[in-house]
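Engineer: If you're matching them up, the sequences are chains A and B in order.
Following this note's numbering from start to finish, the first sequence increments by one per residue and tops out at 404.
Following this note's numbering from start to finish, the second sequence increments by one per residue and tops out at 1404.
Don't read these hints as lab results, they were simulated from the structure.
Any given hint could be a false lead.
[What the hints assert, rightly or not] Simulated crosslink set (DSBU-like; lysine-lysine; CA at most 35 angstroms straight-line):
1. B:K1054 / B:K1325
2. B:K1017 / A:K54
3. B:K1017 / B:K1054
4. B:K1378 / B:K1017
5. A:K54 / B:K1054
6. A:K378 / B:K1054
7. A:K54 / A:K325
8. B:K1325 / A:K17
9. A:K54 / B:K1325
[Stated by the list, open to error] Among the chain B residues that face chain A by a calculated CB cut under 10 angstroms, a handful are:
10. L1131
11. S1238
12. Q1263
13. F1342
14. G1387
15. A1388
From the three backbone atoms N, C-alpha and C, an ideal C-beta is built for every residue, glycine too.
Listed here are the chains, written in short residue letters.
Number of protein chains: 2
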Amino acid sequence: MNLSQRAQRAPASPIRKLVPLADAARARGRRVFHLNIGQPDIPTPPVMWEALRKAQIDVLSYSPSGGMAEFRAALQRYYRRHGVELAPEHFIVTTAGSEAILFALAAVCDPGDEVIVSEPLYANYNGYGALLDLRIVPVTAAPEAGYALPPREALEARVTPRTRALLLCNPCNPTGHVYARGELETAIAFVRKHDLFIIVDEVYREFFYGDDAPVPILALPEIRERAVMVDSLSKRFSVCGARIGCLASYNEELISAALKFAQARLSPPTLGQIMGAAALELPPTYYAEVIEEYRRRRDAVIEELAQMPGVLCRAPQGAFYVMAKLPVPDAEDFVRWLLQDFEVDRETTMLAPGEGFYATPGAGRSEVRIAYVLAEEKLRRAMRIIGAGLRAYQPSAATSARTP
Amino acid sequence: MNLSQRAQRAPASPIRKLVPLADAARARGRRVFHLNIGQPDIPTPPVMWEALRKAQIDVLSYSPSGGMAEFRAALQRYYRRHGVELAPEHFIVTTAGSEAILFALAAVCDPGDEVIVSEPLYANYNGYGALLDLRIVPVTAAPEAGYALPPREALEARVTPRTRALLLCNPCNPTGHVYARGELETAIAFVRKHDLFIIVDEVYREFFYGDDAPVPILALPEIRERAVMVDSLSKRFSVCGARIGCLASYNEELISAALKFAQARLSPPTLGQIMGAAALELPPTYYAEVIEEYRRRRDAVIEELAQMPGVLCRAPQGAFYVMAKLPVPDAEDFVRWLLQDFEVDRETTMLAPGEGFYATPGAGRSEVRIAYVLAEEKLRRAMRIIGAGLRAYQPSAATSARTP
């Protein structure tokens, strides 16, 4: 009566596993700044709440497995504005980006199959890899190259007969890298050569700080049948709790398979779709204001990090995360210590240890992911706690003893 | 660049795959009575909407992966009233019962492992079996025995070295059978002998029409470490679109594994939990009224079926479904025909073909599942359309040619 191997292999989320320590800190009267999780503090747009109030629902019923007609139509208009024309057979509504990842991986991989992912990577790809019993095969992106797509040779070196797909996140959680068109072209040449799918997680599409918007993978006509897009409203409209996303591909067979998985879970959440239909009609000024706010936050985080001796990082071009290498042997021990043993004026900061964002064992041990999801004044206070912590921290004996 | 085997094996939902035909019927001006899906028409309790209005949410944020504190506390009080004491480490909140099934199966089964299920079974177990690449091994329950647990010898005959669990639905969707304490004791002796888990889907717990309430599997002390409960608010409170459920077990290792899967998908829907916390405090009169309504519906369906020559069924003791054997060679063809070619006063009825509720190939071909989820007057009209349809229907040539 043992649990499954996949249950035993499933990693605890690096973003969430230390939450009990944060709860304990709060119970001791500490305020905890959460830079560990991409939970924006931007208010959910009022039009979304209005849509909910106006909905006049008598019975909160299932939606169609592939999503409600009104919301699907709003998604089509949204993607059209991004240069992507989707017919009804090209997409389904999912229970957030998480479920879109689940369905995409399940549609292309059998147990034992492999997906090449540029690391540092979104930690939950590892979780879904365990759930579906597939292998997440990392190819490490260099911090000094701004976490750009690793060179073609590095990708080639990872290909085996079990390789089924290349998975990218653009803009990238956790690195903030935005893939340039040239990088996507390299990726496309690679997947065409080896007859693979390319799955691109575009949930941070709107969050970029350079001049060029990220290119949607479905806007590239040369790989229509291979490209799969994962998307979510969570970050875009500050509705992480609504659990609404989307899976899209011009490969109709793939979407049709995903729809069968979607039928097994019956329906994505209905209320989130009602709210989402309203949000998707927000004008460009909504996005511009939000991005401007995140740009200020990014600049503040980078400015504060620059003042911490021994800390290495680069200004991210997109999303709202930065990976930083700290001058500590084990960042998880440091994060635990911040929560358990450190404070500045009864406040402390929670970060996500970097190791969980790598699939290569032992990699990222000295790194953390910082989510700049708080307003500038709080963010600077949270960052200064990290700086003060780094000055005060003594690695524990237990840490030195910890094996990779 | 083929899709995965699991994608190809995934069954289309028998409950939903014919929805496009229903949509087409509506487009032609027909009214369609939906007896194909367990979507109750009972109004969502007003206290749930009030809770949502009062919530004053600024940012619709993630909930903890295992559920919000207030909702979890309400769940604990609810289960206590059913004789089940759950400590915080014994359960997690899930995205409806569907996700609870996914996590339960993934926690106990690796690819190729087997789960014994009494059939007719809830069709989506097959879908999750495909997604997780495990085998749903059916043991057929006899209609003439009221779909009771098949005899011990039949269960024994299905055991292999890969068997990991017995999965039951109590009260049963689609048969309406309520497992008596004696049957559960047989099941328990069986799983103890073979060192298996027993997973029980109890989403219809409140819906029973006899004197004895279904016994929660977690209320049986002799198998604390083996028993896993799947639950959902969807039917109980007519909130199928809220997507809120629960996975519980005294096996803390199992819940801890499920929590890792839950962390990979970050959070169950937040709004559903806020509404659910209010619903779980509803008084016993709420349930009594709902059950009385369903009892009237059940009686109406059985009365109508009794008047149709050649139709075989039994009065279900629980849930809100009845399996009926129709005097047709292929019930799916009949269901398609009802939607495409038949009407009574511009109205027709949609049913779920029975075949998808079996894992044994070819079984259930002449059966349908009827969900009695409409008010009595509509329900009788919907049933009389079936009766008139049976009198008029001529099996198509295509049907006779269809291979199992």
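Engineer: Work down the list of hints and note, for each, if the structure agrees.
Structural biologist: Hints, verified against the model:
1. B:K1054 / B:K1325: Distance ~48 angstroms between K1054 (chain B) and K1325 (chain B) Cα, so the pair is violated.
2. B:K1017 / A:K54: holds (31 angstroms)
3. B:K1017 / B:K1054: Roughly 38 angstroms separates the two Cα atoms, so the pair is violated.
4. B:K1378 / B:K1017: holds (23 angstroms)
5. A:K54 / B:K1054: holds (16 angstroms)
6. A:K378 / B:K1054: holds (28 angstroms)
7. A:K54 / A:K325: violated (48 angstroms)
8. B:K1325 / A:K17: Cα-Cα ~51 angstroms, so violated.
9. A:K54 / B:K1325: Outside the cut-off at roughly 44 angstroms; violated.
10. L1131: The hint holds - L1131 (chain B) has a Cβ within 10 angstroms of chain A, the shortest such distance being about 6 angstroms.
11. S1238: With a minimum Cβ separation of about 6 angstroms from chain A (threshold 10 angstroms), the hint on S1238 (chain B) holds.
12. Q1263: holds (4 angstroms)
13. F1342: violated (24 angstroms)
14. G1387: With Cβ-Cβ at 27 angstroms, over 10 angstroms, it is violated.
15. A1388: Hint violated; A1388 (chain B) Cβ to chain A Cβ min 28 angstroms, cut 10 angstroms.
Checked against the numbered hints above, the structure violates hints 1, 3, 7, 8, 9, 13, 14, 15; every other hint is satisfied.
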